[in-house]
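Colleague: The task is simple: from the sequences and hints, build the whole structure.
Quick mapping for you: the protein sequence lines, in order, are chains A and B.
Residue 15 is where the first sequence starts when you use this note's numbering, and the numbers rise one by one after that.
Residue -14 is where the second sequence starts when you use this note's numbering, and the numbers rise one by one after that.
Everything labelled a hint here was simulated from the structure, so no lab data went into it.
Positions of the beta carbon are idealized from the N, C-alpha and C atoms, including for glycine.
Please note that the accuracy of each hint is not assured.
As the list claims (entries may be wrong) - Far from chain A, some chain B residues (derived; all Cβ distances over 10 Å):
1. M(-12)
2. T91
3. A304
4. A379
5. K416
Claimed, not checked - Here are a few chain B residues that face chain A, going by a calculated C-beta distance under 8 Å:
6. G177
7. G184
8. K261
9. L376
Unchecked claim - Below, a list of computed lysine-lysine pairs in the BS3-like style, where the Cα atoms sit at most 27 Å apart:
10. K152/B / K211/B
11. K318/B / K211/B
12. K187/A / K152/B
13. K290/B / K318/B
14. K318/B / K261/B
15. K211/B / K253/A
16. K290/B / K237/B
17. K211/B / K187/A
18. K354/B / K397/B
19. K(-2)/B / K54/B
20. K237/B / K261/B
21. K149/A / K397/B
22. K152/B / K318/B
23. K152/B / K253/A
24. K152/B / K290/B
25. K187/A / K54/B
26. K(-2)/B / K187/A
27. K152/B / K237/B
28. K253/A / K187/A
29. K211/B / K290/B
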Amino acid sequence: MMNVSNEAELVEAIRTANGPLRIMGGGTRGATGAEGAPLSVAGLNEISLYEPGALTIVAAAGTPISTIETALDAGGQRLAFEPMDYRALLGTTGEPTLGGAVASGASGPRRIVVGAVRDFCLGVRFVDGSGNIIKNGGRVMKNVTGYDLVKLMAGSRGTLGVLTEVALKVLPKPETEATLILHGLDIASAVQAMSAALGSPFEVTGVAHFPYSAGDDPATMIRLEGFEQSVRYRTGALKDLLGHYGEISIVEGVPSTTGWTRTRDVDMFADTPGDVWRISVRPSEAPAIIAQMGDGVRVTLDWGGGLIWALAPEGTDLRAALGPINGHATLVRASAATFAAIPALPPEPAPLAAISEGLRSRFDPRGLFSPRKVDA
Amino acid sequence: MEMPAPDARVMAKTARIVERLQSVLPADAVIHDPAETRAYECDALTAYRCPPLCAVLPASTEEVSAVMKICHEEGVPVVPRGSGTSLAGGALPTADCVILGVSRLTDVIETDYADRIIRVQTGRTNLSVTGAVEADGFFYAPDPSSQLACAIAGNIAMNSGGAHCLKYGVTTNNLMGVTMVQMDGTIVEIGGAHLDPSGLDLLGVICGSEGQLGVVTEATLRILPKPEGARPVLIGYDSNEVAGRVVSDIIKAGILPVAIEFMDRPCIEACEAFAKAGYPMCEALLIIEVEGSDAEIDHQLGLIKDIANRHDPVELREAADADEAARIWLGRKSAFGAMGQINDYMCLDGTIPVDQLPYVLRRIGEMSKEFGLEVANVFHAGDGNMHPLILYNANLPGQLELCEAFGAAILKLCVEVGGCLTGEHGVGIEKRDLMTDQYAEIDLEAQMRVKDVFDPSWLLNPAKVFPLASSAARRAAPAETGR
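Modeller: Given below as structure tokens:
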């Protein structure tokens, strides 16, 4: 494994590479079919700026998410996009990094309300496939100076270049949180209830549904965050609004935060045999799409129904089984043999595939970086 | 501001180009009479004008595609135009271009409150998107001050913001999908009512690309439930430094107001003279608005007032009712009108790190004396987006150039302190030649590579965003491309 400890060394490693590179941060995404000489950027590890009054932090790409969260915590702030930790689900070790979270677009439950990783990225520095250091965006919250390559880099899985530094917008950490749990809803009613919560003025920040929780009792979770007095008021208001869906219980404190961490990390499917699919859909279409999956597939719903996590028997091509949907299905966990047979990412329509290929060939003319080669 | 000379090869076949466009559009949708094309000679950056070769007003995505295909084949530059409210010259024509106006694309295609989306044609105005859903308790969040007139197409092209984006984000954070026509007429669908792409975030780079990557004809937008209520508070200070510190303290205390507006003394004086909103005469005025139920608003404003009072305000006024709230906003909302009454003005749009505010305001004051031009500052303080308004007299020879030089100096200062040239108006032609102050050539090269992919012939809005010298080689393509 090659290690670089600064941007100049990374440039040198890329310029002198004579074959595909496998860029790694903390290595928590596992080697899902990845090839190439491993190149770790974990040595790029530094918070260069944190301005709580400006809601801004700037850090090198290899900085562990935990280091960033500790720094933010001291300022009463946090990463609002709630980056997913893949280790339990994928059975990997290592340390999730900022660059990995940004490159993989790993947004958690709060994404439905506050936005995705990309919405919090203010600026990037990266090294392209020719060894050029490129910067885009900056450290200020509003910036339309030239094209937004920051968004293009976020979620690009390292296919356009290797991130070296990211500037992020952060948000205040709320005083408290509470979770309403609706009991016993079927998927269609749960999606309706979640839409009603999201369509209310009560500012929910998480909406997830578990068809099989403890004792096979379906549970629909709705999170509220903010000042204590406000959370109390909104909990009551939401309970009134959703009362006709049946029994509602309320949890606070650690049981609430733990519930959302487990939702974020898809703990339900950790240590469970089977392939894991991540499917982004239009929320109102989730029930029909799930009905198509058949009995052997277990699901959980996040983002008010807009994100389906599915546990399918090994080797099942769930994407093919579903046919065309308004959305897309990504294979997240499977054996090497399955990844060899079923591409992790869905094929794009021809005109979009041509654009994406055009971008990749211009930013990475030698083909050093290709899909599925970035490990968070 | 220099623009490229019109392509003589295009000008020579004007008649044929108009004839071909007429063959795919209704007669009244192709405007080529010189008396009528003058309506399209500029946008809201009125200092620069040039009538286009012709203007077209297609009424469907298919008509847009047919127009683009012809222009591509003939090698004619296309300048897309929303409502023409750009302050940066984003829709400024050249004599050899076709202006493609989206003003006939105004339909609401779908509204879905369960999925909280609206799909519209992009000629629809920003405010009328909210108009289509507000009776049902929803709104579209980005609120540029031109929202009565500006089109969603222009909002997407410029990634427009507004006063409330501290909480709700700008256009790119509220845009979920588009139908876009590429320069060669290809129609592509990107995103939709689901979240996040599976591959590269093309939507993210299209938004804010100033009409240089494609013409967006339909858009799926996120709509949000209206808050239960909102209430502003007005706080005056005798020092910019102190007002800046208050903003920072509020944010550090974990409060996220929906808007924090900042006005300096020249701006307060001009607004007060114009709108008589009853503002105190002081160095710095903050308008801070919070949302929620009455009790939640009381609580948040209580915290804000505590912080404000620790810094000895000269005035602290909370709106007791809707009338008082409207009065607090009145002066701020009439700032541009107030300036227009005094003189011609140029509105800048640089963003700075919030902590640099006192220094930047002091430097602007010093520069104002050096250049001999007055300047008033109004500022989205929560996110650092400044709007210095430089007053000048367009009838005095040399004043426009002096004003532009002053503006450039302010924007360079914004970049120097860690900010950027434009927070929400876009580069257009106005800031095109300053791009090298913010970006190295390789950074601009990386952005131009993206245009190479979407528009290899560089026919879409070609003379904008990038310094002319940087893009010259790419723009020097032949006048016929795809035949």
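Colleague: A separate judgement is required for each hint: does it hold in the structure or not?
Modeller: A quick look at each hint next to the structure:
At roughly 19 Å from the closest C-beta of chain A, the C-beta of M(-12)/B stays outside 10 Å, upholding its exclusion from the interface. Every C-beta of chain A lies more than 10 Å from that of T91/B, the closest at about 24 Å, which supports listing it as non-interface. Its beta-carbon lying about 19 Å from the closest one in chain A, A304/B satisfies the requirement of being farther than 10 Å from that chain. With a minimum CB-CB distance of about 26 Å to chain A, A379/B clears the 10 Å threshold, and the non-interface call stands.
With 10 Å as the threshold on Cβ separation, the claim that K416/B sits away from chain A is violated: the shortest Cβ distance comes to roughly 7 Å. At a threshold of 8 Å, the smallest CB-CB gap from G177/B to chain A is about 6 Å, leaving the interface hint in force. Because the smallest distance between the Cβ of G184/B and any Cβ of chain A comes to about 5 Å, under 8 Å, the interface hint for this residue holds. Contact between K261/B and chain A, as hinted, is not supported at the beta carbon level, the nearest pair being about 31 Å apart and thus beyond 8 Å.
A distance limit of 8 Å between C-beta atoms decides the matter here; for L376/B the minimum to chain A is near 24 Å, and the interface restraint is violated. A distance of roughly 13 Å separates the Cα atoms of K152/B and K211/B; the hinted pair therefore holds under the 27 Å criterion. Between K318/B and K211/B the alpha-carbon distance is near 21 Å, which keeps this suggested pair within the 27 Å criterion. At most 27 Å may separate the alpha-carbon atoms for a hinted pair to count; K187/A and K152/B meet this at roughly 14 Å.
The suggested pairing of K290/B with K318/B holds, with an alpha-carbon distance near 23 Å, which does not exceed 27 Å. A hinted pair counts as satisfied when its Cα atoms are at most 27 Å apart, and K318/B with K261/B qualifies at roughly 12 Å. For the hint pairing K211/B with K253/A, the CA-to-CA distance comes to about 19 Å; that is within 27 Å, so the pair holds. A distance of roughly 14 Å separates the Cα atoms of K290/B and K237/B; the hinted pair therefore holds under the 27 Å criterion.
Our distance criterion of 27 Å between C-alpha atoms is met by K211/B and K187/A, whose separation comes to about 23 Å. Among the hinted pairs, K354/B with K397/B is consistent with the structure: their alpha-carbon atoms are about 17 Å apart, no more than 27 Å. Proximity of K(-2)/B to K54/B is assessed by CA-CA distance (about 16 Å); at most 27 Å being required, the pair is judged to hold. In summary, the hint linking K237/B to K261/B is not supported, as the alpha carbons are separated by about 33 Å, beyond the 27 Å threshold.
The straight-line distance between the Cα atoms of K149/A and K397/B is roughly 18 Å, inside the 27 Å bound, and the hint therefore holds. Restraint check: the Cα-Cα separation between K152/B and K318/B comes to about 19 Å, which is no more than 27 Å; the hinted pair holds. Our distance criterion of 27 Å between C-alpha atoms is met by K152/B and K253/A, whose separation comes to about 25 Å. For the hint linking K152/B to K290/B, the alpha-carbon distance of about 20 Å falls within 27 Å, and the restraint holds.
Distance restraint check for K187/A and K54/B: the Cα-Cα separation of roughly 51 Å exceeds the 27 Å cut-off, and the hinted pair is therefore not satisfied. Simply put, K(-2)/B and K187/A have alpha-carbon atoms about 63 Å apart, too far for the 27 Å limit, and the pair is violated. For a cut-off of 27 Å, the pair hint linking K152/B to K237/B stands: about 15 Å separates their Cα positions. For the proposed pair K253/A and K187/A, the alpha carbon gap of about 24 Å is at most 27 Å, so the pair holds.
The suggested pairing of K211/B with K290/B holds, with an alpha-carbon distance near 25 Å, which does not exceed 27 Å.
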